[in-house]
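Colleague: So the sequence lines, in the order shown, correspond to chains A and B. Using my numbering, read the first sequence as starting at 2 and increasing by one per residue. Using my numbering, read the second sequence as starting at -5 and increasing by one per residue.
Simulated from the structure, these hints should not be mistaken for lab results. Check before you lean on any hint, since a few could be wrong.
In silico lysine-lysine, DSSO-like type, Cα no more than 27 Å apart, as pairs [said to hold, decoys possible]:
{"no.": "1", "chain 1": "A", "residue 1": "K8", "chain 2": "B", "residue 2": "K57"}
{"no.": "2", "chain 1": "A", "residue 1": "K83", "chain 2": "B", "residue 2": "K21"}
{"no.": "3", "chain 1": "A", "residue 1": "K18", "chain 2": "B", "residue 2": "K58"}
{"no.": "4", "chain 1": "B", "residue 1": "K21", "chain 2": "A", "residue 2": "K18"}
{"no.": "5", "chain 1": "B", "residue 1": "K52", "chain 2": "A", "residue 2": "K8"}
{"no.": "6", "chain 1": "B", "residue 1": "K52", "chain 2": "A", "residue 2": "K41"}
{"no.": "7", "chain 1": "B", "residue 1": "K48", "chain 2": "A", "residue 2": "K8"}
{"no.": "8", "chain 1": "B", "residue 1": "K48", "chain 2": "A", "residue 2": "K41"}
{"no.": "9", "chain 1": "B", "residue 1": "K57", "chain 2": "A", "residue 2": "K18"}
{"no.": "10", "chain 1": "A", "residue 1": "K222", "chain 2": "A", "residue 2": "K169"}
{"no.": "11", "chain 1": "B", "residue 1": "K57", "chain 2": "A", "residue 2": "K41"}
{"no.": "12", "chain 1": "B", "residue 1": "K21", "chain 2": "A", "residue 2": "K41"}
{"no.": "13", "chain 1": "A", "residue 1": "K29", "chain 2": "B", "residue 2": "K51"}
{"no.": "14", "chain 1": "A", "residue 1": "K41", "chain 2": "B", "residue 2": "K103"}
{"no.": "15", "chain 1": "B", "residue 1": "K95", "chain 2": "A", "residue 2": "K29"}
{"no.": "16", "chain 1": "B", "residue 1": "K21", "chain 2": "A", "residue 2": "K56"}
{"no.": "17", "chain 1": "B", "residue 1": "K103", "chain 2": "A", "residue 2": "K29"}
{"no.": "18", "chain 1": "B", "residue 1": "K51", "chain 2": "B", "residue 2": "K95"}
{"no.": "19", "chain 1": "A", "residue 1": "K155", "chain 2": "A", "residue 2": "K174"}
{"no.": "20", "chain 1": "A", "residue 1": "K56", "chain 2": "B", "residue 2": "K103"}
{"no.": "21", "chain 1": "A", "residue 1": "K41", "chain 2": "B", "residue 2": "K58"}
{"no.": "22", "chain 1": "A", "residue 1": "K22", "chain 2": "A", "residue 2": "K56"}
Examples of chain A residues toward chain B, derived with CB under 10 Å [stated by the list, open to error]:
{"no.": "23", "residue": "I10"}
{"no.": "24", "residue": "E11"}
{"no.": "25", "residue": "I45"}
{"no.": "26", "residue": "S48"}
Yeah, the Cβ is synthetic: ideal placement off N, Cα and C, and Gly gets one too.
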Amino acid sequence: MIVAERKPIEEILDMVKDFKKILVVGCKGCVTVCNAGGTKEVGILASILRLARDKENNPLEVDELTLERQCDPEYIEQLDGKAGDYDGILSMACSIGPQYISSRFPKSLVYPTLNTNFLGGSLEHGVWAEFCQACGNCKIHLFGGLCPIARCSKSLLNGPCGGSSDGKCEISKDVDCVWHLIVEKLMEQGRMDMLTGVKPIKDWSTSRDGGPRKIIREDLKL
Amino acid sequence: MRLRYPTSVKIIQVPCTGRVDIIHLLKSFEDGADGVYVAGCEEGDCHFLTGNLKARKKVNYVKKVLESLGTEPDRVAMYNMSAAQGPRFAEIAREFTAKIKELGPSPFKGFAAKAA
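Construct the complete structure from the given sequences, taking the supplied hints into account.
Modeller: Listed below in structure tokens is the structure:
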């Protein structure tokens, strides 16, 4: 899923400093799962903003709403007739949300309250890590089910670099060397022959390097 | 036990402090409370095993929020006691009330409470 984190309160307060009435819109998708922008977090942010402005004697009216998702236009329609009531709309979805809201309501001022960080999954309750770089050409099966594009700091395809030490990446002791994990896994599976031969140069045009991407499914278009 | 504790303490009963969430603590301040404390079981004695531990984490989160808003983090606190310790309950009520009296009234004017 997309993993995001709420921006610092000071940054968000600065966005709304000239407003009197705002709407905070949450998302029941990825950001609910990573506890960043779901219904609970909308409530918490709304409360914090009210308290902060109470303290300055400059009250802020904050309405709260959570949509199923903010990455389908049909869900954004639920804001029809409401968006115009607010000085500003704060989206608690990943960065796609505020873009969709802004697109449907061009006269509204829309702000992101989250920083979208990475594609990843949870390691334990409250801890998420990056697992995918959306390179557009998944080949994890060649690496024992692990992704060296996302999880190797240098996205190496042919083995660890000299910085791999005690199973950790040289950039931080908190980062596993995924190549260490790949080799251990393939040794366990008795498939080290997967690593013989040099992998060809990766064609990065399927990744963001090829420009903004789009997928068209003719079989699904109405 | 007919023990006395300050009338300014309003009790909200929950089956376990694990039920208390961040929003409850923040809303209390929105509604005009000068301080909020969570009274849970002794650590290790939670009937639901980790409810009181989770509550402490949420209290710590709200302490950080209060700090970031330029207010005293001590306005929110976590206390642990056995359900059988009546005198300790009263003692904590008195202790926390005294602490809040010292800190003064809440800097949040309670517009939400007034508007309601």
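Colleague: Look at each hint and say if it fits the structure.
Modeller: Now the hints, each set against the structure:
| no. | hint | result |
| --- | --- | --- |
| 1 | K8/A to K57/B | 18 Å, holds |
| 2 | K83/A to K21/B | 25 Å, holds |
| 3 | K18/A to K58/B | 22 Å, holds |
| 4 | K21/B to K18/A | 22 Å, holds |
| 5 | K52/B to K8/A | 19 Å, holds |
| 6 | K52/B to K41/A | 13 Å, holds |
| 7 | K48/B to K8/A | 24 Å, holds |
| 8 | K48/B to K41/A | 16 Å, holds |
| 9 | K57/B to K18/A | 24 Å, holds |
| 10 | K222/A to K169/A | 46 Å, violated |
| 11 | K57/B to K41/A | 18 Å, holds |
| 12 | K21/B to K41/A | 13 Å, holds |
| 13 | K29/A to K51/B | 24 Å, holds |
| 14 | K41/A to K103/B | 24 Å, holds |
| 15 | K95/B to K29/A | 41 Å, violated |
| 16 | K21/B to K56/A | 14 Å, holds |
| 17 | K103/B to K29/A | 33 Å, violated |
| 18 | K51/B to K95/B | 25 Å, holds |
| 19 | K155/A to K174/A | 16 Å, holds |
| 20 | K56/A to K103/B | 6 Å, holds |
| 21 | K41/A to K58/B | 18 Å, holds |
| 22 | K22/A to K56/A | 16 Å, holds |
| 23 | I10 | 5 Å, holds |
| 24 | E11 | 7 Å, holds |
| 25 | I45 | 6 Å, holds |
| 26 | S48 | 4 Å, holds |
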